[in-house]
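S.K.: Letter by letter, the chains look like this.
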Amino acid sequence: MLTVPDVALAPLLPILIVLAGALSSTLLGFWLPRRTLTFVNLVALVLSGAAMVTLWNSGESAFAGGLRADNAALLLGLTILVGSALTLLVSLDTAYRARVSFPEFDAMLMYAVTGCLLIAFSGDLIVMLIGLEIMSLSGYVLATLQQSRRAEEAGLKYFLLGAVGSATLIYGIAFLYGATGSLSYAGIAERASGLTPANLGILVAGALLLLAGFGFKVALAPFHQWTPDVYGGAPTSVSLFLSTVVKVAAFAGLLRVFGGALADAPGWQPVLQVLTAATLIVGNLAALFQTNFKRMLAYSAVAHTGFLALTLLGQPDLGGAALSYYLLVYTFMTAAALAIVAALQRGEEGMEISDLRGLYHRHPAYAVALAVCLASLAGLPPFAGFFGKYLAFQAAFQNGYVGLSILAALSSVAALVYYLRPGMLLFMPDRTPAREYAHGQRPATTLALAVCLVGVTVLGILPNLWYGWGANPDIWRVLAGR
Amino acid sequence: MIHLFIFLPLLGSLLMGLFPRQWRDEVAVAVSLLTLGLGVALWASGGTGLFSVPWVEALGITYSVQLSGVSLVLALVTAFMTFVAVLYGRQRVENPAVMLALVLSMETGLLGIFAARDLVLFYVFFEDALLPALLMLAMFGGPSRMRALVKFAAYTLLGSLMMLLSIIGVKWLGGSPTFALADLLQHPVTGPAQTWLYLGFLAAMAVKLPLWPMHAWLPDFHEQNHASGVPDVMGTLYKVGGYGLFTFALPLFPDASLELRPILMGLAAFTALYAAWIAFRQTDWKRLLAYAGLSHMGFVALGVFSMNETAVIGAMYLLAFQNLYTGALFLGVGMLQERVGSLDTRVGGVMTQAGALGGLTMALWFASIAVPGMAGFVGEFSVLLGTYQVSPWLAFVAGLTTIAAAAYALNAFQTTFWGGRPDGAVKVRDLRGAEWPVLALPLAAALFFGVYSAPALNLIQPAVRGVLSAIGGN
Numbered sequence: 001m002l003t004v005p006d007v008a009l010a011p012l013l014p015i016l017i018v019l020a021g022a023l024s025s026t027l028l029g030f031w032l033p034r035r036t037l038t039f040v041n042l043v044a045l046v047l048s049g050a051a052m053v054t055l056w057n058s059g060e061s062a063f064a065g066g067l068r069a070d071n072a073a074l075l076l077g078l079t080i081l082v083g084s085a086l087t088l089l090v091s092l093d094t095a096y097r098a099r100v101s102f103p104e105f106d107a108m109l110m111y112a113v114t115g116c117l118l119i120a121f122s123g124d125l126i127v128m129l130i131g132l133e134i135m136s137l138s139g140y141v142l143a144t145l146q147q148s149r150r151a152e153e154a155g156l157k158y159f160l161l162g163a164v165g166s167a168t169l170i171y172g173i174a175f176l177y178g179a180t181g182s183l184s185y186a187g188i189a190e191r192a193s194g195l196t197p198a199n200l201g202i203l204v205a206g207a208l209l210l211l212a213g214f215g216f217k218v219a220l221a222p223f224h225q226w227t228p229d230v231y232g233g234a235p236t237s238v239s240l241f242l243s244t245v246v247k248v249a250a251f252a253g254l255l256r257v258f259g260g261a262l263a264d265a266p267g268w269q270p271v272l273q274v275l276t277a278a279t280l281i282v283g284n285l286a287a288l289f290q291t292n293f294k295r296m297l298a299y300s301a302v303a304h305t306g307f308l309a310l311t312l313l314g315q316p317d318l319g320g321a322a323l324s325y326y327l328l329v330y331t332f333m334t335a336a337a338l339a340i341v342a343a344l345q346r347g348e349e350g351m352e353i354s355d356l357r358g359l360y361h362r363h364p365a366y367a368v369a370l371a372v373c374l375a376s377l378a379g380l381p382p383f384a385g386f387f388g389k390y391l392a393f394q395a396a397f398q399n400g401y402v403g404l405s406i407l408a409a410l411s412s413v414a415a416l417v418y419y420l421r422p423g424m425l426l427f428m429p430d431r432t433p434a435r436e437y438a439h440g441q442r443p444a445t446t447l448a449l450a451v452c453l454v455g456v457t458v459l460g461i462l463p464n465l466w467y468g469w470g471a472n473p474d475i476w477r478v479l480a481g482r
Numbered sequence: 001m002i003h004l005f006i007f008l009p010l011l012g013s014l015l016m017g018l019f020p021r022q023w024r025d026e027v028a029v030a031v032s033l034l035t036l037g038l039g040v041a042l043w044a045s046g047g048t049g050l051f052s053v054p055w056v057e058a059l060g061i062t063y064s065v066q067l068s069g070v071s072l073v074l075a076l077v078t079a080f081m082t083f084v085a086v087l088y089g090r091q092r093v094e095n096p097a098v099m100l101a102l103v104l105s106m107e108t109g110l111l112g113i114f115a116a117r118d119l120v121l122f123y124v125f126f127e128d129a130l131l132p133a134l135l136m137l138a139m140f141g142g143p144s145r146m147r148a149l150v151k152f153a154a155y156t157l158l159g160s161l162m163m164l165l166s167i168i169g170v171k172w173l174g175g176s177p178t179f180a181l182a183d184l185l186q187h188p189v190t191g192p193a194q195t196w197l198y199l200g201f202l203a204a205m206a207v208k209l210p211l212w213p214m215h216a217w218l219p220d221f222h223e224q225n226h227a228s229g230v231p232d233v234m235g236t237l238y239k240v241g242g243y244g245l246f247t248f249a250l251p252l253f254p255d256a257s258l259e260l261r262p263i264l265m266g267l268a269a270f271t272a273l274y275a276a277w278i279a280f281r282q283t284d285w286k287r288l289l290a291y292a293g294l295s296h297m298g299f300v301a302l303g304v305f306s307m308n309e310t311a312v313i314g315a316m317y318l319l320a321f322q323n324l325y326t327g328a329l330f331l332g333v334g335m336l337q338e339r340v341g342s343l344d345t346r347v348g349g350v351m352t353q354a355g356a357l358g359g360l361t362m363a364l365w366f367a368s369i370a371v372p373g374m375a376g377f378v379g380e381f382s383v384l385l386g387t388y389q390v391s392p393w394l395a396f397v398a399g400l401t402t403i404a405a406a407a408y409a410l411n412a413f414q415t416t417f418w419g420g421r422p423d424g425a426v427k428v429r430d431l432r433g434a435e436w437p438v439l440a441l442p443l444a445a446a447l448f449f450g451v452y453s454a455p456a457l458n459l460i461q462p463a464v465r466g467v468l469s470a471i472g473g474n
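If you read the sequences in order, they're chains A and B.
Here the working numbering is used: the first sequence runs in plain steps of one and ends on residue 482.
Here the working numbering is used: the second sequence runs in plain steps of one and ends on residue 474.
With the rest of the complex left out, here is chain B (with noise of 0.2 Å):
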């Protein structure tokens, strides 16, 4: 079933083709949602045990596969957004099967990355999931979509070859059989050797957190997406350098996460800050949204990096749920657009016609900015609280940047939806049809999962312990 629930978008993106024009869209609304519904019976089942068989026999290289604990959550929150962003994509984009397909072909990437427990395989669905992205920004981009996209390319592709690198050396400096993760953690790389290999899979990850200094491409990106924001969603997920830190690069190279921890801790805290600072600035919603999401992830490789138990279950929390608001809030811009016909956050007033579009981004904002009850508020305060037991100071200037959140995050909702309309301006519609559940159902997730936090916990923090006690981190 595992394999049926990572490889059915791509194959039903194939397959949409086949289907007269008209139902293509409904062929792809009920693909997304069969391949949620999957997710959520593997996870009623309670996730799956290891599946490996050997791919390419004579590299060593095999096709393992596994959902269980942080790579289950991630998934199912993958395959959730997907499906609301197929809802909103049908009905916003012109001619849409083409961007729906690309949508599938991508979720199938990122529910294979979440999946994946070898290397090379992990890294072939790393890849996979950048062709499509790649697609939707040329095929659907802004006007200066060629430079945001070379850019966004050069950077990935300069980190995931550096982590090609580093995946031969693990395997042929610790002298495993294949590159399936089992086999890896029982033919550990030690010395400075680690160190080297730790810092080629860190370039990758650092760019797709992103860290600075590696995170210029992330705000051209965004803002040259399409309007409607539904590639952005899928943007949001691609965010998976802090699961794949957590999953693959602590317990592979446990020396030198400790021996490096206090410069990354400081860079994650730094990034966190600074991402909030230029948020504050942003007069257009992507950009500061996109910079909302750069310093979310400050606080995710912030966990990660600090190897403490609170601190890393609040990151992986913050990560998995941070997707719902973030990418919501991507189509709510999309409406917003749709409306006003502009991104600029100082259109003014729109709340007075669209009160629900106004409510609705406001509450979603209020997860964004970690406001208790809510699920970021889980896992930001987490992270904060595991941090302070590693390092008090960095603790304090991430914990600042819960203050700038709140700062930009206000004073953007207050210039667009706030004050009075301008005169002669457009007259605004309120939501109707499907805009309802695309905002509500994550919304409803967002605020469920930060009250009653147990059933993600569950998965997160066996995981969590698992891993952090085969290293010994504190």
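Here chain A stands alone, though its shape is the one from the complex (with noise of 0.2 Å):
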């Protein structure tokens, strides 16, 4: 006897717009200029951001609890679609210049968005899993639809390193339906407290191939090594949608499974305190011998996802909120970092750090900007980031992680340096020629910028504004929808 599944489309909604975003770009491709298929998908996003303030409380889900349109994913919902946006309106000024300028280019993105969002409104593995596998290819192809050399290596190191990613993740999760008979985060949550011990076993050894699988995808130490080749080899529009999409999802996939899923399942919240506390010193580290700014971005990002992983260690009510804060923030800061890189570069290696030197003189107002961005990624109040870093703290030493906190602040110092010699080296004076691009109109970019801007300084002024959205603990009780 065949049930029919419940459809709901509420739920769907946002997701199916972005969805008919991406129909749209491959099937007008043919007749349209590209350029006007990034309006068209700006307004799509626009739209999916829409239905999903709509649907804030309704608590909604479709498919017997496989997609939940909970206020948790429509946070994390929302801060993706604001990454997105920002790359779409980067790329209408840059996308020329980096040889990417092709209707491909807009299907591919809003594809990746699709399978982002799927990650996080998923209420089950099979749906986190399909959401993962549609990002990650679309992710492989950006990468490489530049024609170059250093895009196509950039590429197929991410498609290789992602594809061992992915099995280990798929592995996992086959682990976990061995252990729980389930699939559902619910049904694994619910199940997770009384099993037998040979059970257990199974539990923790899929829990811990997923958070490696994982891993991978957010660039966590030791599994971060593609991320500098990637985001410094890809076109630098589509590094920043790695670099900011791309994680936003990984993270709400991690939170969905660790904070709900697993919550109580034993063993990987030692192995993940490892990890950060890897992530942490290599990132940091790695980031303070660079000198491309790029490359150095690039690490910085590694170095972000640390902080970004304090926060799933422990209680989700607390981490939950702490990790939607910062996520916006983070998307912020290193979308208009890299969408000032994108601007000024020459070529799409980026530029060197010794090349921003009296940036200032020549282009004030990215040399503040860019300043802004460099003193909220070091965590410098008033801006946003030192709310995100502060959150993250707070979760990490509420729950009992001190030595952890401990360690974090310490290589914060490390961070500041990196993020400070750029950033004063902007100011300095210089007599050597501009050796960034100088010609070109950058509407888009501008608009971008400010709106990254008015973010990381409205939100750090008064982080109320998103926080007090998040703040509500029971938001993140529900991540496993119990």
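No lab work stands behind these hints, which were simulated from the structure alone.
There may be inaccurate statements among the hints.
Stated by the list, open to error - From chain B, some residues computed to sit far from chain A (all C-beta separations above 12 Å): (1) Leu11; (2) Trp43; (3) Ser45; (4) Met162; (5) Thr195; (6) Arg346; (7) Ile403; (8) Leu410; (9) Gly420; (10) Arg432; (11) Leu468.
As the list claims (entries may be wrong) - So the derived label-pair ranges between C-beta atoms look like this: (12) B:Thr195 - A:Arg346: 41 to 47 Å; (13) B:Arg147 - A:Gln147: 52 to 58 Å; (14) B:Val40 - A:Arg362: 51 to 57 Å; (15) B:Asn95 - A:Pro222: 48 to 54 Å; (16) B:Trp23 - A:Leu23: 32 to 38 Å; (17) A:Asn57 - B:Val53: 26 to 32 Å; (18) A:Arg346 - B:Asn95: 27 to 33 Å; (19) A:Thr54 - B:Thr190: 46 to 52 Å; (20) A:Pro433 - B:Leu4: 43 to 49 Å.
No residue lacks a Cβ here, since even glycine has one placed at the ideal position from N, Cα and C.
These two chains come separately, so use the hints to put the complex back together.
M.R.: Here you go:
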């Protein structure tokens, strides 16, 4: 006897709108120029966001809980949309120069966003996996889209390592299913507490495999090695997308699985603790020794993964709120910094840190904007990065990880040095000729930067504007649909 | 009014850009003067009560500010010296608008530090004062500023991040609903946890003070700053460590302060003597002044750590008025550099051609080495007097500093200002125009408060008594 699946359109709507954008880019690309499609997609993102806002507090679900539009999903989903919109805006100005200005770029991007949203909205492991694969496959294509050896190398590396990550993840899912007999987060959470010792071992093994798989996606050390090469080698607008949107989505998955389904399962927390510590150390120290600004930003993305991972330890009602705030702020800061690189770089390999010297005297607005981003990335108030870091520290500290918080604070000092050096070089006097690409109109990039700067400053002075939404602990207690 | 007092300088620095280029300096002077006026008005009305509203309600962070007692004195001195620095900066620095904007935005950070009565707010202002300081160094600094900059930032941030963790810990372990000082005091942390939290707090304050061995950033920072000394004035005001210890650390961690008192007092006394000794060997005026300031700060720390009423009052007095004469000396060094083109202490004979500069500098040095009748004396003497009641030997060690101070000050002054002017040296012109009030106003203030200390003491004494009686110090 077949039962009709419980299909509700309302919680699916935000995803379907984005998917419609992707499909229209695929089809209309034969007739319409790329810029038109980009505007269509921007509209789709805005509509999707509006759909999410109307779903707030509704707690709707579809497919018998396989897809859940709870508040956690909406907060993370909105962050994903913001990052995607910023990517599209930046690509309006720079895609042509980067030789990726064709409709397929937009189509792939929108498919990836669809996958990201699926992860954030997932209520069971299969939906999560489908989302992850859509996101990853589109990501591989995006990274290789530019016809250059560097991009091809980056894409291939991303593909090979990403495939290993996916395989590990799928293996982990199989283990979890074997241990609990369920694929839904709620089912796993329910059965994880009363397992026989033999099953418990399988559960722990599955959890660790999942952790490793996600580790690849979010660039936790030691699974981070692809990051600098891929972020550095891909076209800058793609790096922007990969280091913000994709990371947000992967963290959404981590939160769903480890904060929800496996919240009470033993074994994974000490391992995550070690991985976090390693990420903090490796990311911050490696960034310290970079000479290329874009690569430095790539390593800084790794370092921020460490801070973000701090929020996953312990109780999700503290950590979830911190994570949702930090991810939005992180998206603003990183997107803005990479947008400036994309606007000013002469080639896709970005710019050297020394090229930034005296930028203030050539492009004062860009220099000030970049300085604000760097200050925020370093966690200096009154910019939002401060509260992001503060919340991460607080979550770890109050969950009892005092040693790890101290390590995070110490590694922040290294972070300060590598953000400070370019930040200060910007303002130093300089007599050598300019080393950035000086031509062209960049209205869309300027708009994106303005959005980011307003976000970073306003959220820094009034964090409640966003944090107030996520601060309610109830949101994060129902991660697994309980 | 208190909010206007705190944020007016920042507002002014942001609005400066709207004015035509040739008016920007005047705007800066006007804003700094207006801020000072507001401060005096606050003082005349007897300070302000506590103003507290929730800021980030979900996190228990409040916007709590109050200016009274010690914080009012320090804020007034800050506003006064900012005005003096702006007055000098506008005629000394090339294209001064940016520098003056940074000076003003830093003033907001400093006033905020003194006004904050919420730990997270304090942290925010603490860091905010850092950004303009870094930018001043980056934009106007000397040739090897990058090294100084990184050193300065790394030390400061290391300390303040540890403090941030302590702040989180104080609220969480004590179970206070907010970060407001009043709430935290009602939910104290006890036992060994208090000592650890105190150490975290101390990390930040020891860097800022600075206390040996966390002082290494200070001489480089001053040496590489713009020669005019304007950023240095703000840098000397930057020594908020003593204030932070007094206002936050002592009341929040009374047991730990008592427990660690001998070690910390020893470190402070050593810092004072060590810095004075190093200062003796300096041939660069700015490094010399940096070490002299470090030595004074050792005194401040000694007073605060002793938890003795007289000593703490002296420390706060010294902390407030040290800014006057050390700041003015930095500006005087800037004038010297403008005239002879170097910061070396061995140029010789400047007095013969620039008598007023030499005379005022000497008078300021007298204030700095605590000659009776100057403000520095009241502070240093009280610190020694109070410390003696707690630990006579440390008072003796610190007392040696005054001898060393006389030696380094007179030595440097003599080689620069007296003796013969070398053959072929440039002609040195004397003070003129705005340079007169720039040096004379701080000197007058130092003299006034050296002779008549009641106005300041009336503010400091009750505040110190309040803190010490709450924690049961002796």
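S.K.: Each of the hints needs a verdict: does it hold here or not?
M.R.: Here is how each hint holds up against the structure:
1. With a least beta-carbon separation of about 14 Å from chain A, Leu11 of chain B lies farther than 12 Å from that chain, consistent with its non-interface assignment.
2. Consistency note on Trp43 of chain B: stated as away from chain A, and its beta-carbon is indeed over 12 Å from all of that chain's, at 28 Å minimum.
3. The claim that Ser45 of chain B lies off the interface holds: its Cβ sits roughly 29 Å from the closest Cβ of chain A, which is beyond the 12 Å cut-off.
4. A beta-carbon of chain A comes within 12 Å of the beta-carbon of Met162 of chain B; the shortest separation is about 6 Å.
5. The Cβ of Thr195 of chain B lies farther than 12 Å from every Cβ of chain A, with a closest approach of about 14 Å, so its non-interface assignment holds.
6. With a closest Cβ-Cβ approach of about 30 Å to chain A, Arg346 of chain B is found to remain outside the 12 Å limit, as its non-interface label requires.
7. Every CB of chain A is more than 12 Å from the CB of Ile403 of chain B (nearest about 38 Å), matching its label as outside the interface.
8. Separation of Leu410 of chain B from chain A is adequate, the least Cβ-Cβ distance of about 38 Å exceeding the 12 Å criterion.
9. Listed as outside the interface, Gly420 of chain B is consistent with that label: its C-beta sits roughly 38 Å from the nearest C-beta of chain A, beyond the 12 Å cut-off.
10. Distance check on Arg432 of chain B: its Cβ is at least 29 Å (rounded) from any Cβ of chain A, clearing the 12 Å threshold; non-interface status holds.
11. Every beta carbon of chain A lies more than 12 Å from that of Leu468 of chain B, the smallest distance being close to 31 Å; the non-interface claim holds.
12. For Thr195 of chain B and Arg346 of chain A, the hinted distance range of 41 to 47 Å is not satisfied, since their beta carbons lie about 55 Å from each other.
13. The hinted range of 52 to 58 Å is not satisfied by Arg147 of chain B and Gln147 of chain A, whose Cβ atoms lie roughly 43 Å apart.
14. Distance hint check: the CB atoms of Val40 of chain B and Arg362 of chain A are about 43 Å apart, inconsistent with the given range 51 to 57 Å.
15. One distance hint, 48 to 54 Å for the beta-carbon pair Asn95 of chain B and Pro222 of chain A, holds here, with the actual separation near 50 Å.
16. Checked against the given bound of 32 to 38 Å, the beta carbons of Trp23 of chain B and Leu23 of chain A, roughly 58 Å apart, lie outside it.
17. The hinted window of 26 to 32 Å between Asn57 of chain A and Val53 of chain B holds, with their beta carbons roughly 28 Å apart.
18. Under the hint 27 to 33 Å, the C-beta atoms of Arg346 of chain A and Asn95 of chain B, about 30 Å apart, fit the expected range.
19. The beta-carbon spacing between Thr54 of chain A and Thr190 of chain B, approximately 50 Å, falls within the hinted interval of 46 to 52 Å.
20. The supplied range of 43 to 49 Å is met by Pro433 of chain A and Leu4 of chain B, whose beta-carbon atoms lie about 46 Å from each other.
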